[in-house]
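S.K.: In case you want the letters, here they are:
Protein chains: 2
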Amino acid sequence: MKVSKFGGTSVASAEQIKKVAAIVQADSSRKFIVVSAPGKRFDADKKVTDLLIELANAAIHKEDVEEKLHNVVNRYKEIAVGLGLDLTICEVIKQDLNSRLCESQSNLELFVDNIKASGEDNNAKLISAYFTSIGMPAVYVNPKIAGLIVNDLPDRAQALPVAYENLSKLQNVSEIIVFPGFFGYTKEGRLRTFDRGGSDITGSILAASVQADLYENFTDVDSVFCANPRVVNSPMEIEEITYREMRELSYAGFSVFHDEALMPVYKRGIPVCIKNTNNPSAPGTRIVAERKANHRPVTGITADSGFSILYVSKYLMNREIGFGRKLLQILEEEYISYEHTPSGLDDISVIMRSHQLTPEKEVRIMKRVVNELHAEDVHFRHEFSMIVIVGEGMNNSTGLAARAATAISRTGANIEMINQGSSEVSLAFGVHKSNENKILQALYSEFFAPVSAR
Amino acid sequence: MKVSKFGGTSVASAEQIKKVAAIVQADSSRKFIVVSAPGKRFDADKKVTDLLIELANAAIHKEDVEEKLHNVVNRYKEIAVGLGLDLTICEVIKQDLNSRLCESQSNLELFVDNIKASGEDNNAKLISAYFTSIGMPAVYVNPKIAGLIVNDLPDRAQALPVAYENLSKLQNVSEIIVFPGFFGYTKEGRLRTFDRGGSDITGSILAASVQADLYENFTDVDSVFCANPRVVNSPMEIEEITYREMRELSYAGFSVFHDEALMPVYKRGIPVCIKNTNNPSAPGTRIVAERKANHRPVTGITADSGFSILYVSKYLMNREIGFGRKLLQILEEEYISYEHTPSGLDDISVIMRSHQLTPEKEVRIMKRVVNELHAEDVHFRHEFSMIVIVGEGMNNSTGLAARAATAISRTGANIEMINQGSSEVSLAFGVHKSNENKILQALYSEFFAPVSAR
Numbered sequence: 001m002k003v004s005k006f007g008g009t010s011v012a013s014a015e016q017i018k019k020v021a022a023i024v025q026a027d028s029s030r031k032f033i034v035v036s037a038p039g040k041r042f043d044a045d046k047k048v049t050d051l052l053i054e055l056a057n058a059a060i061h062k063e064d065v066e067e068k069l070h071n072v073v074n075r076y077k078e079i080a081v082g083l084g085l086d087l088t089i090c091e092v093i094k095q096d097l098n099s100r101l102c103e104s105q106s107n108l109e110l111f112v113d114n115i116k117a118s119g120e121d122n123n124a125k126l127i128s129a130y131f132t133s134i135g136m137p138a139v140y141v142n143p144k145i146a147g148l149i150v151n152d153l154p155d156r157a158q159a160l161p162v163a164y165e166n167l168s169k170l171q172n173v174s175e176i177i178v179f180p181g182f183f184g185y186t187k188e189g190r191l192r193t194f195d196r197g198g199s200d201i202t203g204s205i206l207a208a209s210v211q212a213d214l215y216e217n218f219t220d221v222d223s224v225f226c227a228n229p230r231v232v233n234s235p236m237e238i239e240e241i242t243y244r245e246m247r248e249l250s251y252a253g254f255s256v257f258h259d260e261a262l263m264p265v266y267k268r269g270i271p272v273c274i275k276n277t278n279n280p281s282a283p284g285t286r287i288v289a290e291r292k293a294n295h296r297p298v299t300g301i302t303a304d305s306g307f308s309i310l311y312v313s314k315y316l317m318n319r320e321i322g323f324g325r326k327l328l329q330i331l332e333e334e335y336i337s338y339e340h341t342p343s344g345l346d347d348i349s350v351i352m353r354s355h356q357l358t359p360e361k362e363v364r365i366m367k368r369v370v371n372e373l374h375a376e377d378v379h380f381r382h383e384f385s386m387i388v389i390v391g392e393g394m395n396n397s398t399g400l401a402a403r404a405a406t407a408i409s410r411t412g413a414n415i416e417m418i419n420q421g422s423s424e425v426s427l428a429f430g431v432h433k434s435n436e437n438k439i440l441q442a443l444y445s446e447f448f449a450p451v452s453a454r
Numbered sequence: 001m002k003v004s005k006f007g008g009t010s011v012a013s014a015e016q017i018k019k020v021a022a023i024v025q026a027d028s029s030r031k032f033i034v035v036s037a038p039g040k041r042f043d044a045d046k047k048v049t050d051l052l053i054e055l056a057n058a059a060i061h062k063e064d065v066e067e068k069l070h071n072v073v074n075r076y077k078e079i080a081v082g083l084g085l086d087l088t089i090c091e092v093i094k095q096d097l098n099s100r101l102c103e104s105q106s107n108l109e110l111f112v113d114n115i116k117a118s119g120e121d122n123n124a125k126l127i128s129a130y131f132t133s134i135g136m137p138a139v140y141v142n143p144k145i146a147g148l149i150v151n152d153l154p155d156r157a158q159a160l161p162v163a164y165e166n167l168s169k170l171q172n173v174s175e176i177i178v179f180p181g182f183f184g185y186t187k188e189g190r191l192r193t194f195d196r197g198g199s200d201i202t203g204s205i206l207a208a209s210v211q212a213d214l215y216e217n218f219t220d221v222d223s224v225f226c227a228n229p230r231v232v233n234s235p236m237e238i239e240e241i242t243y244r245e246m247r248e249l250s251y252a253g254f255s256v257f258h259d260e261a262l263m264p265v266y267k268r269g270i271p272v273c274i275k276n277t278n279n280p281s282a283p284g285t286r287i288v289a290e291r292k293a294n295h296r297p298v299t300g301i302t303a304d305s306g307f308s309i310l311y312v313s314k315y316l317m318n319r320e321i322g323f324g325r326k327l328l329q330i331l332e333e334e335y336i337s338y339e340h341t342p343s344g345l346d347d348i349s350v351i352m353r354s355h356q357l358t359p360e361k362e363v364r365i366m367k368r369v370v371n372e373l374h375a376e377d378v379h380f381r382h383e384f385s386m387i388v389i390v391g392e393g394m395n396n397s398t399g400l401a402a403r404a405a406t407a408i409s410r411t412g413a414n415i416e417m418i419n420q421g422s423s424e425v426s427l428a429f430g431v432h433k434s435n436e437n438k439i440l441q442a443l444y445s446e447f448f449a450p451v452s453a454r
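Protein chains in written order, with the UniProt record's numbering: chain A, 1 to 454; chain B, 1 to 454.
Take the hints with a grain of salt, since some may be wrong.
Claimed, not checked - So the derived label-pair ranges between C-beta atoms look like this:
#	chain 1	residue 1	chain 2	residue 2	range
1	A	Val162	B	Asp377	25 to 35 angstroms
2	B	Asp377	A	Glu320	28 to 38 angstroms
3	A	Glu360	B	Met1	13 to 23 angstroms
4	A	Lys267	B	Pro161	39 to 49 angstroms
Stated by the list, open to error - Each computed SDA-like pair below joins lysine to any residue, with the alpha-carbon atoms no more than 25 angstroms apart:
#	chain 1	residue 1	chain 2	residue 2
5	A	Lys433	B	Ser397
6	A	Lys438	B	Arg353
7	B	Lys314	A	Gln211
8	B	Lys326	A	Arg403
9	A	Lys326	B	His374
10	B	Lys438	A	Gly393
11	B	Lys326	A	Gln356
12	A	Lys267	B	His379
13	B	Lys314	A	Asp195
14	B	Lys314	A	Glu290
15	A	Lys433	B	Glu424
16	A	Lys367	B	His379
17	B	Lys267	A	Val378
18	A	Lys326	B	Arg156
19	B	Lys326	A	Lys433
20	A	Lys314	B	Glu424
21	A	Lys267	B	Val378
22	B	Lys326	A	Leu316
23	A	Lys267	B	Arg353
24	B	Lys326	A	Ile336
25	A	Lys361	B	Arg319
26	A	Lys433	B	Arg156
27	B	Lys267	A	Lys267
28	A	Lys326	B	Arg353
29	A	Lys187	B	Arg319
30	A	Lys314	B	Arg403
31	B	Lys326	A	Asn57
32	A	Lys438	B	Lys326
33	B	Lys326	A	Glu320
34	B	Lys433	A	Lys361
35	B	Lys326	A	Glu333
36	B	Lys326	A	Met366
37	B	Lys433	A	Arg403
38	B	Lys314	A	Lys367
Derived from the structure by calculation, the hints contain no laboratory data. None of these values were measured; they are calculated from a predicted model. Glycine included, every Cβ here is placed at the ideal spot set by N, Cα and C.
Work out the full structure: start from the sequences and follow the hints.
M.R.: The following block contains the structure:
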C-alpha cells in the first residue's frame, strides 16, 4: 500500500488534477493521497497560498476582503469547472474561508496560519469530490478528526507520537483517502502549520503511521539531479539514494524534498520515490535505507550561499578547558545555531547561516567574546558558500578529498574551510560565494562528467 | 642585551659548562644566563632531575637516603672537579639538599617539587662560581629574592604580572646574572615548578622582564628541522620561523621548544634564537614575529600520535540549538580538553588526546550522551595521529590542501579527518597511527624534497 503526495504544481489546475486521478487509478495500492494547495500554473502565476496570505493581511488591516476572497475562490472555481464538477463545492470553500476570516485575531500568527492552511484543506475537499464524481471511491479526511496531533511550535509544529497511533487507524478505511498536507492540530485543537514544504511532512507522517510500502512524492521533475541544473549543464539523474545522502543534499540547496520530511519514513525504513506527475512512467528517484554499491563514490554535489564566519583567536587557547564550550554558549544565548567549528591551536572559527545575524548582534557577540573570553582577535566575515559532496562511505574512499581539492584548485579559487571527519556521507568545503558556481561545475566534471561522456 | 638559556645537555658536565663559559665570553651582551639541571651526558646516563626524584621518593618512603643523596652530590662534584673548582661548592649543595630533605612532608607534591627544583638551583650556584673562578664577573640570583612570583598551580605555575616588574630591576646589576630555570615562588613564599621544559619558560619570562633584544635558547641541535629527523631522512633546517608557526609545530610532536615558553617573548615581540652549545657558530633557528616571505608555502610538518575520536550522531542534530555546546559541557565535566570538532549535518566528532581517557570515563561519557542528548550512535575510536602542516599564510595558498591530500592519497592511506579553516598557519589531517610515518614522508617529499634536490 502506498501513500502518494502531490505537490503544488501537480494540483494547480483541472488538467493537472486529471493526471493525478489517472495516476491513482493506475495503481490500486495508492490508497492515501496527500495534496498541497494549488501551485503555480505558469511562471508569473500566483500560488493559492500567496493569495491566501494577501487575504489574511487584508483582513488584519481591516481592508475590504472581497476582491482577495474572490481571487482565492475563483482559482478553485476554475478548477471545478475544468473538472466538470457541480459548483456547490465552491460554495463550501467560500463558506469555509468566511468562517476562518471571522476567527479571533487576538493571535495574528494563528489567524494567518488558519487561513493559509485552508489552501490544502479545501483542495483536498475538491479533489476528493472530483474522484467521487468520476467513480473513484474517495473520502476527504480532516486532520483534526483523524487525530494528527502536533506540538505547539508556531510555523514548525512537530507530530506527537499519539498522532501516529491515531492515523494508523485510517488503514481500515476502504475508500481512497484524500488528506490535506501542511498542518495538524494541537491537543487543545489549535491549528498549527509545519515548516516550509510541510505537505511533504504530512505525507511522511501518514506513510509512517499506516506502515506504507512506499511513500511516493509526486512533483514536476522526473528525478533528483546530482547537481543543480541551473549551474551545471544537464546533470545526471539520481536513480537511488539513501536517506542520509538525501538529507545532506536537501540541507544545502537541494529543494526537491524537505529534510524534516524524511524523519518519519526514515525511522520506519519506508522507501520514498520522487516521481513526476507529468511523466509518471519515468522511474523517478528512490530514497532508501541502503543502496546498491555504485562505481561512483559521489552521489550528489550541492552548494548553498549565505554563510558567515566568526573568527576568534587567543594565544594558548587550546590550554583552556571550556573555551569552545563558552563560545558556543554565547552564540546559543543569541539564538544562533552553527554549522561547523574548524579550529586551530589558538583559534576557532564558527560557521553559521548569515540570516541569523544583525549588525547589533555581531557587535554584542564580539564584545562578549572579548570581555568574557579575553580573546585577542574577534571578527565576522561574510559572503561564504558551503559546497557539500555527498556519497555513502566516501570517508573510506582513499583520495577522494584529494580529487575534490585538486578540482577546486584548478579553478584558481581558494578553499577557506574543509570539513571532513565526522560524517561518513559528506565532505564540505567553505569557499567565497563568488567562486561557488565555478567550483560546483569543476566538482561535477571531476566526479560525473567522465562517466556521462562515455 | 641577551638572555641565554642553556638546556640540560649543555650543562651536563664540566666540558659542556666550559663551552657555555666560552659562549658567554664571546658576546658581552650575554648578560642573563638561565640554566637547567645537569642533563644526560650519554644515552644511558641519568639526568640529575631523575636522581632527585629518586632521592625524594626514598625520603617519602622513609628509606635510607644516603646513597641517593650521594648520587646527586657526586654529579656536581664531578663537574666541580672537572672545572677545577674549590670543593666548598659541593658542601653548599649537600647542605642545601639536606635542608630540603628536612622540610615538611605534609604536602608531598610540594616536598618533591622542592627537591626537584634544587637541580637547577644548585647548578646555577655552581656555574656562577665557575664563571667567577675564571675571572668572569658573575652572580647567582635566587628566584625568590629576585621576585619571580607565580600562581599556585602545582606542576604548572604561571608567572604573575608582578614577577615581570620585579625581574626588570635585574637590568641594573652589572655582573652576569646566573639564574636557575624551572621554578618560582608564590606570594606566600612556596616554591612552585613550571610545566615540563620549565627552564625555557624561566628564560622567556626573564627575557620579557628585562626587554632583551634576543632570547637565545642553547640546546644540542644546530637548528630546528622542518620534519622529524627520526622519520624523514636529513630534513631541511629552518632558518627563520614565526612564533605562530613554532607554536603549531611545538604542539604536535616538535619537542625542541616548549610552547608555553613562547608566550612571554611573543607578547613583547622579543625574537628567539635556538642555537647549539656544541656548535655555536651555526646560525641556528630564529623565531620572530614576522618573517621574510619564502618561496616555500610550508615551513614545517609535524605529527603526533595518541588521539581518540568520540563520534556522536543523531538525526536532525543540526536543528537542535545547543547540541554541540552540551556535548562539550559533558566532556568539560570529565576534565577533558579537546582538539577539534569536525561535524556533519547529523553527527559530530570530538578529537582529543587519548591520555585523558579511561575505560570507565568513556562508558560514563557515552551513557550521558545517550541519556541526556538522546543520541542514536555514540562511540569512541582510538589510535589516531594528527599530522599538521605549518606555514604562514598557507590558508591563502591556492591548491595547497589539494597537494597535501594528493600526496597522502598516493600512500594509499585514508584521511580520517581534515581540519582547515580557522588557523591561518596550519592544516591538520587526522590519520590512523599506522599510517603516520609514511604520510609524514610523503608530505615532506611533496613540500621540501623537490627544492633540496636541486
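S.K.: Now tell me, hint by hint, if it's right for this structure.
M.R.: Now the hints, each set against the structure:
1. A:Val162 <-> B:Asp377: 25 to 35 angstroms: holds, 27 angstroms
2. B:Asp377 <-> A:Glu320: 28 to 38 angstroms: Holds - the Cβ-Cβ distance for Asp377 (chain B) and Glu320 (chain A), about 29 angstroms, lies within 28 to 38 angstroms.
3. A:Glu360 <-> B:Met1: 13 to 23 angstroms: Taking Cβ atoms as reference, Glu360 (chain A) and Met1 (chain B) lie about 50 angstroms apart, which means the hint is violated.
4. A:Lys267 <-> B:Pro161: 39 to 49 angstroms: violated, 58 angstroms
5. A:Lys433 <-> B:Ser397: holds, 18 angstroms
6. A:Lys438 <-> B:Arg353: violated, 39 angstroms
7. B:Lys314 <-> A:Gln211: The given pair, whose Cα atoms are some 23 angstroms apart, holds under the 25 angstroms limit.
8. B:Lys326 <-> A:Arg403: Not OK: Lys326 (chain B) and Arg403 (chain A) at ~35 angstroms, beyond 25 angstroms, violated.
9. A:Lys326 <-> B:His374: Holds, because 22 angstroms separates the two Cα atoms, which is no more than 25 angstroms.
10. B:Lys438 <-> A:Gly393: holds, 24 angstroms
11. B:Lys326 <-> A:Gln356: Holds - the C-alpha atoms of Gln356 (chain A) and Lys326 (chain B) are around 21 angstroms apart, at most 25 angstroms.
12. A:Lys267 <-> B:His379: holds, 21 angstroms
13. B:Lys314 <-> A:Asp195: The hint holds at about 20 angstroms.
14. B:Lys314 <-> A:Glu290: Since the Cα atoms of Lys314 (chain B) and Glu290 (chain A) sit roughly 18 angstroms apart, the hinted pair holds (cutoff 25 angstroms).
15. A:Lys433 <-> B:Glu424: holds, 20 angstroms
16. A:Lys367 <-> B:His379: Not satisfied, since the Cα-Cα distance of roughly 37 angstroms exceeds 25 angstroms.
17. B:Lys267 <-> A:Val378: Within the cut-off at roughly 18 angstroms; holds.
18. A:Lys326 <-> B:Arg156: holds, 23 angstroms
19. B:Lys326 <-> A:Lys433: violated, 31 angstroms
20. A:Lys314 <-> B:Glu424: Given that 25 angstroms is the threshold and the Cα spacing comes to 13 angstroms, the pair holds.
21. A:Lys267 <-> B:Val378: holds, 18 angstroms
22. B:Lys326 <-> A:Leu316: Satisfied, since the Cα-Cα distance of roughly 23 angstroms is no more than 25 angstroms.
23. A:Lys267 <-> B:Arg353: It is violated: about 35 angstroms lies between the C-alpha atoms, which goes past 25 angstroms.
24. B:Lys326 <-> A:Ile336: holds, 15 angstroms
25. A:Lys361 <-> B:Arg319: Given pair Lys361 (chain A), Arg319 (chain B) holds - Cα atoms ~21 angstroms apart, limit 25 angstroms.
26. A:Lys433 <-> B:Arg156: violated, 45 angstroms
27. B:Lys267 <-> A:Lys267: violated, 54 angstroms
28. A:Lys326 <-> B:Arg353: Holds. Lys326 (chain A) to Arg353 (chain B) sits at ~20 angstroms (cutoff 25 angstroms).
29. A:Lys187 <-> B:Arg319: holds, 24 angstroms
30. A:Lys314 <-> B:Arg403: It is violated: about 29 angstroms lies between the C-alpha atoms, which goes past 25 angstroms.
31. B:Lys326 <-> A:Asn57: Judged against 25 angstroms, a Cα distance of about 41 angstroms means the pair is violated.
32. A:Lys438 <-> B:Lys326: Distance ~38 angstroms between Lys438 (chain A) and Lys326 (chain B) Cα, so the pair is violated.
33. B:Lys326 <-> A:Glu320: holds, 17 angstroms
34. B:Lys433 <-> A:Lys361: violated, 43 angstroms
35. B:Lys326 <-> A:Glu333: Distance ~13 angstroms between Lys326 (chain B) and Glu333 (chain A) Cα, so the pair holds.
36. B:Lys326 <-> A:Met366: holds, 22 angstroms
37. B:Lys433 <-> A:Arg403: With Cα atoms ~23 angstroms apart, Lys433 (chain B) and Arg403 (chain A) stay inside 25 angstroms; holds.
38. B:Lys314 <-> A:Lys367: At roughly 33 angstroms apart (the allowed maximum being 25 angstroms), Lys367 (chain A) and Lys314 (chain B) break the hint.
When each numbered hint is compared with the structure, violations occur for hints 3, 4, 6, 8, 16, 19, 23, 26, 27, 30, 31, 32, 34, 38.
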